[in-house]
Structures are given as structure tokens and as C-alpha cells.
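Trainee: Here's the letter readout for the chains.
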Amino acid sequence: GAGVSQSPSNKVTEKGKDVELRCDPISGHTALYWYRQSLGQGLEFLIYFQGNSAPDKSGLPSDRFSAERTGGSVSTLTIQRTQQEDSAVYLCASSLEAENEQFFGPGTRLTVL
Amino acid sequence: QKEVEQNSGPLSVPEGAIASLNCTYSDRGSQSFFWYRQYSGKSPELIMFIYSNGDKEDGRFTAQLNKASQYVSLLIRDSQPSDSATYLCAVNSMDSSYKLIFGSGTRLLVRP
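Listed in order, the protein sequences are those of chains A and B.
In this text, residue positions in the first sequence follow the numbering used here: the first is 1, and each later residue adds one.
In this text, residue positions in the second sequence follow the numbering used here: the first is 1, and each later residue adds one.
Next comes chain A alone, as it looks inside the complex (with noise of 0.2 angstroms):
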């Protein structure tokens, strides 16, 4: 495709279940980072893959927050036992190598009720 994809657009949850987020990213590009942005709130880096290897998951919030790249393209990111603030904007992005430019998605709009 011509950018980067996110589904679903839309996920409503309750609190407690498992939620996961799907990226396709811009064909070609080898980086693929995760962020979220909550409310009014600036975007916060959750972790960062170079094809399917995530060297940096540093700014993943706990351990109930994975994500996994497969084939260099497609990445998951899996929400388990889902908190209220968990509710955010997940947006994904991809460039063609590391350091270069990040397009970003459309991203998923979560809401944990």
C-alpha cells in the first residue's frame, strides 16, 4: 500500500481483556516504531523494531504490553489485562532504515471501559 495501515481503527474494550493492534508498514521500510499519544498529550515512544528484532522496548509501560514483527512487515501490538489507562491513541510508524524519516499511520483508538 501507499502508507502505513493500522486496524482496527476502533477498539472498545473492557477492563481486564486482551486487546491487539495490527500495523502494516509502508513496503520496504525495515524500522517500525509504536507510539501512543493520550488526550491532549504528546506522543510517547513504546518501542522500536529494525526488521523483525525490537532492539529498543524501553518505553513499553509494564509487562502486560508485547509486540512482535514478522517477516519485516507486519507487527502486533498486544495489550493483556487491559486498565482504564490504557485508553489512548496507538499510532505506528515506519521508515526506510532507522534515523530516517517516520511516516505515521492512521492509528487505533483505544477506550478500556
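For the record, the hints were derived by calculation from the structure and aren't laboratory data.
Treat the hints with care, since some could be wrong.
Said to hold, decoys possible - List of simulated lysine-lysine pairs, DSSO-like, C-alpha gap at most 27 angstroms:
id, chain 1, residue 1, chain 2, residue 2
1, B, K99, B, K42
2, B, K42, A, K57
3, B, K56, B, K99
4, A, K57, A, K15
5, A, K57, B, K99
6, B, K42, A, K11
Please arrange chain B on chain A, whose structure you already have, making use of the hints.
Mentor: Chain B in isolation, oriented as in the chain A frame:
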């Protein structure tokens, strides 16, 4: 102290005027600087990037970088109502150059 600081605004300018958006950063080793535009309810869109001291122009947009003063700015000439959005400044981390540190953004309003 925040790593990337921006005035939250709103910055209100009349249509046709020059809008000047400013950003300061604390990490003296940062090498890459980006401006993103974010419309309400949408994701950030890259509009400019700059790596070297000085000015970089692209259409109505000019990015200015002064590493000695740790200052980066974005000028929008001939502002249009469609430019009304939040502008995010992003700077790469000295320790992890792939990691972008974002400011909280400046909201720009262009009055018709």
C-alpha cells in the same frame, strides 16, 4: 525539564500572514529535527525535516535550525485556514538516534 518544549498556543494569525512556530530542545547531541502537522482526530503528517544549521525551504514552509542555541523553528508563509492544526516538533535522541522525542505541540489558528 521537558526534553522538547513548545508553546501550546493557540497561535492565532490572519490569513496571508507568516506564522512562526518555535521549539527548543535539551539534548545537545541531537542531529535530526522534524516538524509534523496534526489535524484534530488525525495522525501526525511529516511536513519538514532539517539536519544542518541554517534554513531549509519547501514551498510555503521554512525550517530554521540553530544547534548552538538548541532552537528549531517553522515558518509558514501566506498562512491559509487549512493550515490550522497542531504542529509537533520532534527531535531524535542522542542516545538512540532512531527514537523521536516529541514536543506537546503548538496549536495554530489561521483566521479567514
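Trainee: A separate judgement is required for each hint: does it hold in the structure or not?
Mentor: Status of the hints after comparison with the structure:
1. K99/B to K42/B: The given pair, whose Cα atoms are some 21 angstroms apart, holds under the 27 angstroms limit.
2. K42/B to K57/A: holds, 25 angstroms
3. K56/B to K99/B: The given pair, whose Cα atoms are some 22 angstroms apart, holds under the 27 angstroms limit.
4. K57/A to K15/A: Roughly 24 angstroms separates the two Cα atoms, so the pair holds.
5. K57/A to K99/B: holds, 11 angstroms
6. K42/B to K11/A: Since the Cα atoms of K42/B and K11/A sit roughly 16 angstroms apart, the hinted pair holds (cutoff 27 angstroms).
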